[in-house]
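**Q** All chains, full assembly: derive it from the sequences and hints.
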Amino acid sequence: MHCVQMKRGMWSKLRNFKFSCYIIAILCTIPVPYIASSGITAITVLLLMYVSMSVSYNLLAGYLGDLSFGHATFFGIGAYTVALLTHYQVCYFQPVNILFGGILAMGFAAVIGYPFLRLKGLYFAIGTLGLSQIFRVLFKNSDFTLRSHGINIPVPLPYSIHPYYYAIVALTFGIIVAADRIVNSRLGLAFVSIRDDPDAARMVGINVTAYRILGFCISALGVGIVGGFFAYFNSYVHPEGVFSLDISFEMLLMVFFGGAGTILGPIVGAVIVLLVEEIGRAFIRQGYLLLLSLMLMVVFLVMPGGVVGTLTKQTPFINPLAQLRRKRVGSA
Amino acid sequence: MAVGEVDIAVEKGEVRGLIGPNGSGKTTIFNLVTGFYRPTSGSIRFKERNIVGLSPQRICRLGIGRTFQIAKPFHSMTVIQNTMVAAIYGKSGKGEKDPEKESVEILKLIELYEKRSRPVTSLTLADRKRLELARALATGPELLLLDETVAGLNAVEVDAVIEQLRKIRGMGVTIFMIEHVMRPIMTLSDRVTVIHHGKKIAEGKPSDIVNDKNVIDAYLGTEAVA
Chain A
1 MHCVQMKRGM WSKLRNFKFS CYIIAILCTI PVPYIASSGI TAITVLLLMY VSMSVSYNLL
61 AGYLGDLSFG HATFFGIGAY TVALLTHYQV CYFQPVNILF GGILAMGFAA VIGYPFLRLK
121 GLYFAIGTLG LSQIFRVLFK NSDFTLRSHG INIPVPLPYS IHPYYYAIVA LTFGIIVAAD
181 RIVNSRLGLA FVSIRDDPDA ARMVGINVTA YRILGFCISA LGVGIVGGFF AYFNSYVHPE
241 GVFSLDISFE MLLMVFFGGA GTILGPIVGA VIVLLVEEIG RAFIRQGYLL LLSLMLMVVF
301 LVMPGGVVGT LTKQTPFINP LAQLRRKRVG SA
Chain B
333 MAVGEVDIAV EKGEVRGLIG PNGSGKTTIF NLVTGFYRPT SGSIRFKERN IVGLSPQRIC
393 RLGIGRTFQI AKPFHSMTVI QNTMVAAIYG KSGKGEKDPE KESVEILKLI ELYEKRSRPV
453 TSLTLADRKR LELARALATG PELLLLDETV AGLNAVEVDA VIEQLRKIRG MGVTIFMIEH
513 VMRPIMTLSD RVTVIHHGKK IAEGKPSDIV NDKNVIDAYL GTEAVA
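Taken in order, these protein sequences are the chains called A and B. Note that our numbering gives residue 109 to position 109 of the first sequence, counting from 1, and the numbers run on in steps of one. Note that our numbering gives residue 369 to position 37 of the second sequence, counting from 1, and the numbers run on in steps of one.
One or more hints might be untrue.
No farther apart than 35 Å at their CA atoms in a straight line, the calculated lysine-lysine pairs in the DSBU-like style are these [as the list claims (entries may be wrong)]:
{"#": "1", "chain 1": "B", "residue 1": "499", "chain 2": "A", "residue 2": "18"}
{"#": "2", "chain 1": "A", "residue 1": "120", "chain 2": "B", "residue 2": "429"}
{"#": "3", "chain 1": "B", "residue 1": "531", "chain 2": "B", "residue 2": "447"}
{"#": "4", "chain 1": "A", "residue 1": "120", "chain 2": "B", "residue 2": "531"}
{"#": "5", "chain 1": "A", "residue 1": "120", "chain 2": "A", "residue 2": "140"}
{"#": "6", "chain 1": "B", "residue 1": "531", "chain 2": "A", "residue 2": "18"}
{"#": "7", "chain 1": "B", "residue 1": "433", "chain 2": "A", "residue 2": "18"}
Beta-carbon label-pair distances, calculated as ranges [stated by the list, open to error]:
{"#": "8", "chain 1": "B", "residue 1": "456", "chain 2": "A", "residue 2": "107", "range": "19 to 29 Å"}
{"#": "9", "chain 1": "B", "residue 1": "456", "chain 2": "A", "residue 2": "112", "range": "40 to 50 Å"}
{"#": "10", "chain 1": "A", "residue 1": "112", "chain 2": "B", "residue 2": "432", "range": "31 to 41 Å"}
{"#": "11", "chain 1": "A", "residue 1": "177", "chain 2": "B", "residue 2": "378", "range": "41 to 51 Å"}
{"#": "12", "chain 1": "B", "residue 1": "343", "chain 2": "A", "residue 2": "22", "range": "56 to 66 Å"}
If you're looking for bench data, these hints aren't it; they were derived computationally from the structure. In this text, a Cβ means the ideal position worked out from N, Cα and C, and glycines have one as well.
**A** Structure representation (structure tokens):
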């Protein structure tokens, strides 16, 4: 796909740098299960899950500028797909189930995309928030999904974290590479155009609604796949856990605190949020949520570009408040 | 009702001015033609085809380009990126597939080439208006709707724009332009349409319009601009 950089020389240098970063990062992650304790390895798995979700969500919220407050919906759809397929003994093959979870999440996004993405900023946020809660209540009260008992997914014994670990490593890098390719393609250009000025985007030939739905679906796919993985890793799925507001909020925070609209931003955000959570949970237990809320306020008030956006001034700011206040079409 | 009973026909290849007092409905007409508003009655035809109900992006691809009165650039991007978006997406189906080369040519024509790698947030007003024009042009339009392209520009800048519009017209593009500044209207237009309270009150050659009593009463005042 054609990229928009004009300075050719600089671009190939940058690309080599990026490529080396990827290689180094992969090499760093590979030996972890062998040299670190099981606790650290488990946290790394959690971190990689966070990174995957964050990078996927960033495509919608950071690049397209559509702030969904209920992306846990897709996480839950992915998780429950795996859980139900296993529980009802339809299929035991993990990769297929996880992939199917992602595809179902994406399919659902495609179905509700059209009505939802015609809502303006704040209403889209509230609408998606409501959606996640509807799912939570539905799944909690349905016998088919075993109500609030949740679904147990049998773990193959003897237990080893290795397969889970390497699966999430592959998944995370896959998602990062895919996101990078999308963002630097014509599609990414269209996304940013829509974020910057939807009316101008329309006037230069971009079908804004169609691309919004596409962004919605792609981000749903990523988050759904992570949800499916979570079902296996956690070996237990229940409505409060997977359709929770916490998960939606975490995704939002990771992207915006780290730096929306950049590749590095959501990764940095995921690391920071995970650290705050784990350390916070150790000292002030449930109070860690308060810390997260404070972090979000800091973003809105002081650094709309997040950590990466503020540090590297060349990265464009994306102001979450402005996105929420966005009005709709055709001002005269 | 912002615009009622307006009957305007713009010929291919002409430069048509659209003038009238503030609030008379000029931009509304542009919004109707480009699909941002939907008319409650009547039809809008472009190249023998009724385009009422089509989306703005569809209308853009059919060959109508438009600038906005208050410039709306893509503020995260550079000048050339803005132009390339238009060249990539606005040209679908019109053949010629080198957006980068086309963008460069257009930027040279509009005299923005030197600033092509600058972020648009660093541009002056005149340059932003130029970018609006460049972007609309990059979609390869047959009809260009220009909304107050020279508003707020000084005399030198206005002259530059007039020259650029002459060249654009020479490329075969039909131009329909809203202006309050009379000089481009007088020097470029083949004909001028005058709107007042959402209705057409006069139409004809610039020299005739300037002497039309209705137009003078409604808009120009008794000292018509040279």
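**Q** Against each hint, give a clear statement of whether it holds in the structure.
**A** Do the hints match the structure? See the list:
For the given pair, residue 499 (chain B) sits about 44 Å from residue 18 (chain A) by alpha-carbon distance, which is inconsistent with the 35 Å threshold. For the hint linking residue 120 (chain A) to residue 429 (chain B), the alpha-carbon distance of about 34 Å falls within 35 Å, and the restraint holds. Annotation: proposed proximity of residue 531 (chain B) to residue 447 (chain B) is violated, straight-line Cα distance about 41 Å (limit 35 Å). Proposed proximity of residue 120 (chain A) and residue 531 (chain B) is supported: the alpha carbons are some 33 Å apart, at most 35 Å.
Simply put, residue 120 (chain A) and residue 140 (chain A) have alpha-carbon atoms about 30 Å apart, close enough for the 35 Å limit, and the pair holds. For the given pair, residue 531 (chain B) sits about 60 Å from residue 18 (chain A) by alpha-carbon distance, which is inconsistent with the 35 Å threshold. Distance restraint check for residue 433 (chain B) and residue 18 (chain A): the Cα-Cα separation of roughly 27 Å lies within the 35 Å cut-off, and the hinted pair is therefore satisfied. Taking the beta carbon of each, residue 456 (chain B) and residue 107 (chain A) are about 48 Å apart, not inside 19 to 29 Å as hinted.
Between residue 456 (chain B) and residue 112 (chain A) the beta carbon distance is about 44 Å. The supplied range of 40 to 50 Å therefore holds. Range check, residue 112 (chain A) to residue 432 (chain B): about 37 Å between beta-carbon atoms, so the 31 to 41 Å window is met. Checking the proposed 41 to 51 Å range against residue 177 (chain A) and residue 378 (chain B) shows it holds: the Cβ atoms sit about 44 Å from each other. For the hinted restraint 56 to 66 Å between residue 343 (chain B) and residue 22 (chain A), the CB-CB distance of approximately 58 Å keeps it satisfied.
Figure legend: structure checked against the earlier numbered hints; hints not met, in rising order: 1, 3, 6 and 8.
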